[in-house]
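There are 2 protein chains.
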Amino acid sequence: MTQYKYDVTMSCGGCSGAVTKALNNLEGVDKFDVSLEAQKVTVESATLSEADILDAIQKTGKKAKVAEQ
Amino acid sequence: MTQYKYDVTMSCGGCSGAVTKALNNLEGVDKFDVSLEAQKVTVESATLSEADILDAIQKTGKKAKVAEQ
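Chains as they are written, first to last, in the UniProt record's numbering: chain V, 1 to 69; chain D, 1 to 69.
Isolated chain V, as found in the complex (with noise of 0.2 Å):
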């Protein structure tokens, strides 16, 4: 299992919403988290990239990136 953190910018509930629903609908994703507050994502996957991910987010239109450590 691997947990990957992304900055991900999302403006209100229904930005937080949408990369919730992507991230249920991914298929490989164990376990993740969405923070409107701190604008970030955290997602544990023992199958998928940290790519991979970074990509369905994404998808939904949202500015992401690989959050610096």
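Accuracy of the hints is not assured; some may be wrong.
Where chains are identical, the list cannot tell them apart; a pair therefore holds if satisfied intra-copy or between any two copies.
[As the list claims (entries may be wrong)] Derived lysine-lysine pairs resembling BS3-like cross-links, with alpha carbons at most 25 Å apart:
(1) Lys5 / Lys40
(2) Lys59 / Lys40
(3) Lys31 / Lys21
(4) Lys59 / Lys5
(5) Lys21 / Lys59
(6) Lys65 / Lys31
No lab work stands behind these hints: they were computed from the structure. On a predicted model such as this, the values are computed, not experimentally measured, just so you know.
Starting from the known structure of chain V, arrange chain D on it as the hints suggest.
Okay, now just chain D, sitting in the frame of chain V:
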């Protein structure tokens, strides 16, 4: 050229921006308008079906349906 209309739930500029980005990236779209105030999206295309466009909008994670005329 056919014009399609959709009801899309968008709560803020980030939401409507995400839909705008998705339609900008969708090949076959000739013209479109995203209205946050009206919660409406209008798309003109010569090649895409009503369902193709609805699918692209829904991929942003927004609640969307074909508008009743």
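Outcome of the hint check:
In the homo-oligomer, the alpha carbons of Lys5 and Lys40 lie at most 25 Å apart inside one protomer (7 Å), although the nearest pairing across protomers, at 33 Å, exceeds that limit. Both within a single protomer and between protomers do Lys59 and Lys40 lie at most 25 Å apart by alpha-carbon distance, with minima of 16 Å and 20 Å respectively. For a Cα distance limit of 25 Å, the shortest separation of Lys31 from Lys21 inside one copy, 13 Å, qualifies, whereas the shortest one across copies, 27 Å, does not. Taking the shortest Cα distances, Lys59 and Lys5 sit within 25 Å of each other both inside one copy (17 Å) and across copies (22 Å).
Taking the shortest Cα distances, Lys21 and Lys59 sit within 25 Å of each other both inside one copy (11 Å) and across copies (9 Å). Taking identical chains as interchangeable, the C-alpha atoms of Lys65 and Lys31 lie at most 25 Å apart only when both belong to the same chain, with a minimum of 19 Å there against 29 Å between chains.
No hint from the list above goes unmet by this structure.
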